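A.B. asks: Sequence:
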Amino acid sequence: MMTTPDSNTSSHSRSPHTQRGTQVVARVAAILQAVAASETAGSTAAIALHTGLTRPTTHRLLTALADEGLVDRTENGNWALGPELHILGTVAAQRYPAQELATPCLQRLSEATGESAFFSARRGNEVICLARVEGSFPVRSHVLYEGLRLPLGVASAGIAILGQLPPDQLETALADTRDERQRLGSQHRDAHVRKLVARVRDHGWSLNPGRIVEGSWGMAAAVFDASGQPRYALSLTGIESRFRAERRPQLGAALLDQAHKLSTALRTGAPSA
Numbered sequence: 000m001m002t003t004p005d006s007n008t009s010s011h012s013r014s015p016h017t018q019r020g021t022q023v024v025a026r027v028a029a030i031l032q033a034v035a036a037s038e039t040a041g042s043t044a045a046i047a048l049h050t051g052l053t054r055p056t057t058h059r060l061l062t063a064l065a066d067e068g069l070v071d072r073t074e075n076g077n078w079a080l081g082p083e084l085h086i087l088g089t090v091a092a093q094r095y096p097a098q099e100l101a102t103p104c105l106q107r108l109s110e111a112t113g114e115s116a117f118f119s120a121r122r123g124n125e126v127i128c129l130a131r132v133e134g135s136f137p138v139r140s141h142v143l144y145e146g147l148r149l150p151l152g153v154a155s156a157g158i159a160i161l162g163q164l165p166p167d168q169l170e171t172a173l174a175d176t177r178d179e180r181q182r183l184g185s186q187h188r189d190a191h192v193r194k195l196v197a198r199v200r201d202h203g204w205s206l207n208p209g210r211i212v213e214g215s216w217g218m219a220a221a222v223f224d225a226s227g228q229p230r231y232a233l234s235l236t237g238i239e240s241r242f243r244a245e246r247r248p249q250l251g252a253a254l255l256d257q258a259h260k261l262s263t264a265l266r267t268g269a270p271s272a
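In terms of numbering that gives the first Met the number 0, the sequence shown has 129 at position 130, counting the first letter as 1, and numbering is strictly consecutive.
Treat the hints with care, as some may be off.
Stated by the list, open to error - Computed Cβ-Cβ distance ranges for the label pairs, DEER-style:
#1 Gly76 to Thr53: 12 to 22 Å
#2 Asp256 to Arg198: 11 to 21 Å
#3 Arg19 to Asp256: 25 to 35 Å
#4 Gly123 to Ser42: 36 to 46 Å
#5 Glu245 to Thr171: 30 to 40 Å
#6 Asp175 to Val27: 36 to 46 Å
#7 Gly123 to His259: 18 to 28 Å
#8 Gly113 to Gly146: 43 to 53 Å
Simulated from the structure, these hints should not be mistaken for laboratory data.
The model shown is predicted, which means the values in this text are computed figures rather than measured ones.
No residue lacks a Cβ here, since even glycine has one placed at the ideal position from N, Cα and C.
When you get a sec, could you build the whole thing from the sequences and use the hints?
C.D. replies: Below is the structure:
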């Protein structure tokens, strides 16, 4: 098999210039993800802590990103995503219509259940919350928000996706996320995740019984992309009393119905009815 010169080049033999360039890109990506994950805006210190970078390096990169319109400095001195990212995101959304197709499903879920509904996507070993529709019930859970990234197997969306993976892919995902999950608490260890995945195998939907924040429960169903892979999830979150055993079958049926509609829409390209 023929190979290109780059295919046999290890990171140790790359030029210092190439290594520095790769490092800068990784740092910029980490900072943008940290800003996005802060829900509203983050301070320089908080972003530095999140990324593991020094505060001077974080401030220098944030300032450079602000010059390009990729982040903005808010009135209180924190950082938020900038207008240029909105423009880039609008262009990119034309290639990835999943979120637009998911919006009617979120609205129907929220109206039918009174709970807040969320749409999340898998990216590698993470699940990213992309959109939400607030529920009508006056007491809500605010654990999830747009931009939040969590390892597979932590929130109900990630558990729902894990439950639809073949055994070999499940084992790989558990191994790849093990350290990060355990840093979030002993309730996220493999044994606990496996029990929740088994529930998905039995019922089709997942349950997160307050594993992120006590008293905040969630349920989810996986959504399949055009190739038949469990790439997305629809979820509902709320307080524990809204997810009692007698109500779960109703919530699960609503999730599975909308997940099926969205999976069909992603396969056909037609909006869900």
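A.B. asks: If any of the earlier hints don't hold here, list their numbers in rising order.
C.D. replies: 3, 4, 6 and 8
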